[in-house]
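Student: Each chain is listed here by its residues.
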Amino acid sequence: AQTVTQSQPEMSVQEAETVTLSCTYDTSENNYYLFWYKQPPSRQMILVIRQEAYKQQNATENRFSVNFQKAAKSFSLKISDSQLGDTAMYFCAFMTHYNNNDMRFGAGTRLTVKP
Amino acid sequence: DVKVTQSSRYLVKRTGEKVFLECVQDMDHENMFWYRQDPGLGLRLIYFSYDVKMKEKGDIPEGYSVSREKKERFSLILESASTNQTSMYLCASSFGGGNYGYTFGSGTRLTVV
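Those protein sequence lines, which keep their order, are chains L and D.
Residues in the first sequence are numbered from 1 upward in steps of one, following our numbering.
Residues in the second sequence are numbered from 116 upward in steps of one, following our numbering.
Because the hints were derived from the structure by calculation, they are not lab data.
Treat the hints with care, as some may be off.
[Said to hold, decoys possible] Now the in silico label distances, taken between C-beta atoms and shown as ranges: (1) L/THR18 <-> D/GLY131: 29 to 39 Å; (2) D/TYR125 <-> L/ILE46: 19 to 29 Å; (3) D/SER197 <-> L/GLU52: 36 to 46 Å; (4) D/VAL127 <-> L/GLN56: 44 to 54 Å; (5) D/THR198 <-> L/SER42: 22 to 32 Å; (6) L/ASP81 <-> D/ASP166: 36 to 46 Å; (7) D/GLY131 <-> L/GLU61: 43 to 53 Å; (8) D/ASP153 <-> L/THR112: 19 to 29 Å; (9) L/PRO40 <-> D/SER195: 26 to 36 Å; (10) D/LEU126 <-> L/ILE46: 19 to 29 Å; (11) D/ILE192 <-> L/ARG63: 37 to 47 Å; (12) L/THR112 <-> D/SER180: 15 to 25 Å; (13) L/ARG63 <-> D/SER195: 39 to 49 Å.
[As the list claims (entries may be wrong)] Examples of chain D residues toward chain L, derived with CB under 7 Å: (14) GLY157; (15) LEU158; (16) PHE163; (17) PHE210; (18) ASN214.
[Claimed, not checked] What the simulated footprint calls covered on chain L by chain D, stretch by stretch (three residues with Cβ under 8 Å from a Cβ of chain D suffice, anywhere in the stretch; the number is not a length): (19) 33 to 44; (20) 95 to 107.
All figures in this text were calculated on a predicted structure; none of them were measured in a lab.
Glycine included, every Cβ here is placed at the ideal spot set by N, Cα and C.
Given only the sequences and the hints, what does the whole structure look like? Please build it.
Tutor: Written as structure tokens, this is what we have:
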């Protein structure tokens with residue numbers, strides 16, 4: 001069974017600084033997708049970034065980027081130039097190519113951006 | 116703007132009541148999901164549906180049932196609510212393979228007293 005582990009329940013960062021959220025996963029599959037979701041206090045889960053396992057290049061979306069280490073089964077999220085609006089719960093998620101109705105989530109990391 | 120809409124943001128129900136949580140999506144997505152979110156546990160899949168009238172159990176289906184009579188609507192039913200079902204419930208939908216991610220609703224926070 002696939003599992004997703006986020007080892008940092010809570011983190012904080014000063015506004016304008018950079019923070020990295022960790023995620024590891026366990027799978028025997030070779031073809032899969034990884035996601036980071038943001039859940040602000042409004043509770044709307046928003047897709048932040050997506051990575052396809054067969055692509056070696058790390059995904060980037062504006063201030064958000066990932067460090068995807070396939071061999072280590074690691075998928076960390078880097079937020080650059082942190083803004084107050086980045087304060088949220090962040091969930092790492094995993095889904096295999098062959099079972100796309102089974103997205104697995106980590107326990108989440110609560111990020112607070114301090115002014 | 117595409118949407119997944121959950122009918123209630125907050126609900127308070129009594130133990131033993133039958134509870135309906137409604138979810139509607141306007142994206143013509145085939146797949147719809149119900150997750151339960153608890154602190155420290157992340158999101159756990161209760162049920163999903165890949166077509167009208169079709170349903171599959173997720174990891175924690177006990178105490179829940181679902182209904183999908185129309186493509187755009189997916190209902191979660193608590194047959195006899197219990198206090199251990201107090202939680203946040205999230206509905207999501209996806210198109211086809213879902214490998215571009217799911218679209219989520221804003222959640223329903225259910226309290227069973």
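Student: Can you confirm whether chain D covers the stretch 33 to 44 of chain L, using C-beta to C-beta distances below 8 Å and requiring at least three such residues?
Tutor: holds (count 6)
Student: May I ask you to test the interface hint for D/LEU158 with respect to chain L, counting a Cβ-Cβ separation under 7 Å as satisfied?
Tutor: holds (4 Å)
Student: Verify the CB-CB distance for D/VAL127 and L/GLN56 against the hinted window 44 to 54 Å.
Tutor: holds (50 Å)
Student: Is the hint on D/ASN214 kept, meaning its closest Cβ partner in chain L is under 7 Å away?
Tutor: Holds. Min distance 5 Å.
Student: Is 22 to 32 Å a correct range for the gap between the Cβ atoms of D/THR198 and L/SER42?
Tutor: holds (27 Å)
Student: For L/ARG63 and D/SER195, compare the CB-CB distance with the range 39 to 49 Å and indicate the outcome.
Tutor: Once the Cβ atoms are compared, 47 Å apart, the range 39 to 49 Å for D/SER195 and L/ARG63 holds.
Student: Do the Cβ positions of L/THR18 and D/GLY131 conform to the proposed distance bound of 29 to 39 Å?
Tutor: Violated, at about 51 Å.
Student: When you take the CB atoms of D/LEU126 and L/ILE46, is the distance between them in 19 to 29 Å?
Tutor: holds (23 Å)
Student: Within 37 to 47 Å or not, the Cβ separation of D/ILE192 and L/ARG63?
Tutor: Roughly 41 Å apart at Cβ, these two residues keep to the hinted range, so it holds.
Student: Between L/THR112 and D/SER180, is the Cβ distance one that fits in 15 to 25 Å?
Tutor: Taking Cβ atoms as reference, L/THR112 and D/SER180 lie about 38 Å apart, which means the hint is violated.
Student: With respect to the beta-carbon atoms only, verify the hint that L/ASP81 and D/ASP166 lie 36 to 46 Å apart.
Tutor: Hint holds: Cβ distance 44 Å, inside 36 to 46 Å.
Student: 19 to 29 Å was suggested as the range; check whether the CB atoms of D/ASP153 and L/THR112 agree with it.
Tutor: With a Cβ separation near 21 Å, D/ASP153 and L/THR112 satisfy 19 to 29 Å, so the hint holds.
Against the hints set out earlier in the document, violations occur for numbers 1, 12, 17.
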